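Number of protein chains: 2
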Amino acid sequence: MSAANKPVIVLVRPQLGQNIGKTARAMLNFGLTEMRLVAPRDGWPNPDAGPAASGADIVLEQARVFDTVQEAIADCSSVYASTVRRRDLIMPVIGPEDMANQIAASSKRSAILFGPERSGLETEEVALSNAIVTVPINPEFASLNLAQAVILLAYEWSKRSALSQPTAKEAEPRAPHGELDGLIGQLDDELEAKGYFHPPSRTQATKNNIRTIFTKTGWSSREVKAVRGIIRALVGPARLR
Amino acid sequence: MSAANKPVIVLVRPQLGQNIGKTARAMLNFGLTEMRLVAPRDGWPNPDAGPAASGADIVLEQARVFDTVQEAIADCSSVYASTVRRRDLIMPVIGPEDMANQIAASSKRSAILFGPERSGLETEEVALSNAIVTVPINPEFASLNLAQAVILLAYEWSKRSALSQPTAKEAEPRAPHGELDGLIGQLDDELEAKGYFHPPSRTQATKNNIRTIFTKTGWSSREVKAVRGIIRALVGPARLR
Numbered sequence: 001m002s003a004a005n006k007p008v009i010v011l012v013r014p015q016l017g018q019n020i021g022k023t024a025r026a027m028l029n030f031g032l033t034e035m036r037l038v039a040p041r042d043g044w045p046n047p048d049a050g051p052a053a054s055g056a057d058i059v060l061e062q063a064r065v066f067d068t069v070q071e072a073i074a075d076c077s078s079v080y081a082s083t084v085r086r087r088d089l090i091m092p093v094i095g096p097e098d099m100a101n102q103i104a105a106s107s108k109r110s111a112i113l114f115g116p117e118r119s120g121l122e123t124e125e126v127a128l129s130n131a132i133v134t135v136p137i138n139p140e141f142a143s144l145n146l147a148q149a150v151i152l153l154a155y156e157w158s159k160r161s162a163l164s165q166p167t168a169k170e171a172e173p174r175a176p177h178g179e180l181d182g183l184i185g186q187l188d189d190e191l192e193a194k195g196y197f198h199p200p201s202r203t204q205a206t207k208n209n210i211r212t213i214f215t216k217t218g219w220s221s222r223e224v225k226a227v228r229g230i231i232r233a234l235v236g237p238a239r240l241r
Numbered sequence: 001m002s003a004a005n006k007p008v009i010v011l012v013r014p015q016l017g018q019n020i021g022k023t024a025r026a027m028l029n030f031g032l033t034e035m036r037l038v039a040p041r042d043g044w045p046n047p048d049a050g051p052a053a054s055g056a057d058i059v060l061e062q063a064r065v066f067d068t069v070q071e072a073i074a075d076c077s078s079v080y081a082s083t084v085r086r087r088d089l090i091m092p093v094i095g096p097e098d099m100a101n102q103i104a105a106s107s108k109r110s111a112i113l114f115g116p117e118r119s120g121l122e123t124e125e126v127a128l129s130n131a132i133v134t135v136p137i138n139p140e141f142a143s144l145n146l147a148q149a150v151i152l153l154a155y156e157w158s159k160r161s162a163l164s165q166p167t168a169k170e171a172e173p174r175a176p177h178g179e180l181d182g183l184i185g186q187l188d189d190e191l192e193a194k195g196y197f198h199p200p201s202r203t204q205a206t207k208n209n210i211r212t213i214f215t216k217t218g219w220s221s222r223e224v225k226a227v228r229g230i231i232r233a234l235v236g237p238a239r240l241r
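Taken in order, these protein sequences are the chains called A and B.
The first sequence maps to residues 1 to 241 in our numbering.
The second sequence maps to residues 1 to 241 in our numbering.
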């Protein structure tokens with residue numbers, strides 16, 4: 001992953017130092033390190049930011065401050081404005097996944113703009129962007145705070161980036177069917193010995209049922225062995241310790 | 001979208017009321033409304049929760065309190081433990097997208113477990129689950145708080161649920177966890193009677209292993225009943241026909 005397609009996070013006129021710190025933490029959780037601040041209300045550095053960053057100090061230390069959005073995004077080729085759809089602007093509105101795909105496909109710098117906590121981005125600032133990115137949210141309760149909006153977009157970006165590793169993993173491969181057959185055969189024999197299959201006309205249907213029940217388990221070789229041990233214990237005499 | 005595949009969010013021994021409130025807010029942003037609390041440290045209701053929920057009061061008002069994880073998930077067929085991989089448990093580890101796909105494909109209730117803020121879930125609690133769900137995160141700075149973990153999983157769920165159609169159906173729905181608990185309890189009792197758990201220092205690990213083996217089966221209510229009959233037959237006297 002090159003630094004080029006790590007998007008820059010641009011906070012426009014952020015109000016609370018605490019929220020800047022929380023944003024740094026959200027960014028670093030997903031490997032984003034470059035924060036830019038446009039005219040932070042309470043100046044910079046802000047003593048409230050560090051404690052809220054929970055250890056993401058490097059992001060705060062490297063943060064750069066700009067007077068205007070234009071200056072902050074001057075070196076960026078693709079700019080996304082995180083906001084809801086604007087009736088006053090005709091421009092593309094995309095979701096977090098599309099944004100992540102576009103950033104990953106680009107070899108140039110990208111930036112994502114986030115507005116002030118209460119008021120959001122000005123129309124003129126949104127108009128500087130290539131697209132609006134909107135998180136699809138519950139229309140009856142849309143209450144994302146700054147750090148949450150950042151973490152959702154950073155998360156989508158990291159999924160597309162090389163940083164993210166495929167997590168889905170079979171804990172253990174399934175046992176070969178032969179081993180499963182051994183288990184089912186053992187069970188059939190033991191049940192036979194107990195007189196479980198009765199009446200004879202139902203025996204085959206019951207055996208088929210046992211087969212499907214134990215075939216669907218997805219057990220590994222280790223687990224098949226464990227279950228075979230359990231069956232032996234169940235039919236055996238009590239061991240006194 | 002039916003209520004059936006809205007996952008239940010289970011907070012296990014949550015510590016700060018503020019975090020319970022933030023979690024409610026995170027949930028409702030993505031349309032999740034059912035919160036369950038297992039032994040909240042400071043009791044329930046908690047006066048710190050409301051202000052932090054920023055208007056998601058309905059989630060808090062409807063929250064239900066349980067003494068144990070088992071009781072909280074008794075009516076859920078699929079349970080996901082939000083945690084990092086556990087070396088002491090061999091079970092599937094999936095990412096948020098896979099979890100969302102599985103929940104969307106199921107017609108039965110699902111639950112996602114989140115541990116206490118500092119310590120996380122106990123091994124025995126993770127072992128109650130069908131899979132571990134892990135957010136792929138920056139290995140050098142893994143600092144997700146409770147509400148952030150919830151919002152990321154809720155977000156992934158909402159993406160899938162918007163797409164998912166109520167057509168995908170399992171041949172037979174999974175048994176609720178309460179029924180699986182009954183089976184596992186029966187097996188533990190019978191194995192105990194046979195002196196299977198030895199030495200005592202290994203007993204808990206062996207029981208956890210049995211739990212994961214039988215939890216992963218995906219058995220339906222009918223199949224759980226059949227297996228319970230098989231266990232009874234194995235330990236009982238041979239019936240002469």
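Note that these hints are calculated values from the structure, not bench results.
Keep in mind it's a predicted model, so treat the numbers as computed, not measured.
Fair warning: there could be bad hints in the mix.
A pair holds if it fits inside one copy or across any two, identical chains being indistinguishable in the list.
[To be verified] In silico PhoX-like pairs for lysine-lysine, Cα to Cα no more than 25 Å straight-line: (1) 108 <-> 225; (2) 108 <-> 194; (3) 207 <-> 225; (4) 225 <-> 194; (5) 108 <-> 216.
Within, between, both or neither: residue 108, residue 225 at alpha-carbon 25 Å: Answer is within; shortest intra-copy Cα gap is 18 Å, inter-copy 31 Å.
Within, between, both or neither: residue 225, residue 194 at alpha-carbon 25 Å: both (22 Å within a copy, 18 Å between copies)
Identical-chain pair category, residue 207 with residue 225, by Cα at 25 Å: Both ways: residue 207 and residue 225 sit 20 Å apart in one copy and 15 Å across, limit 25 Å.
Homo-oligomer pair classification [residue 194, residue 108; C-alpha up to 25 Å]: neither (36 Å within a copy, 36 Å between copies)
Identical-chain pair category, residue 108 with residue 216, by Cα at 25 Å: both (16 Å within a copy, 18 Å between copies)
Checked against the numbered hints above, the structure violates only hint 2.
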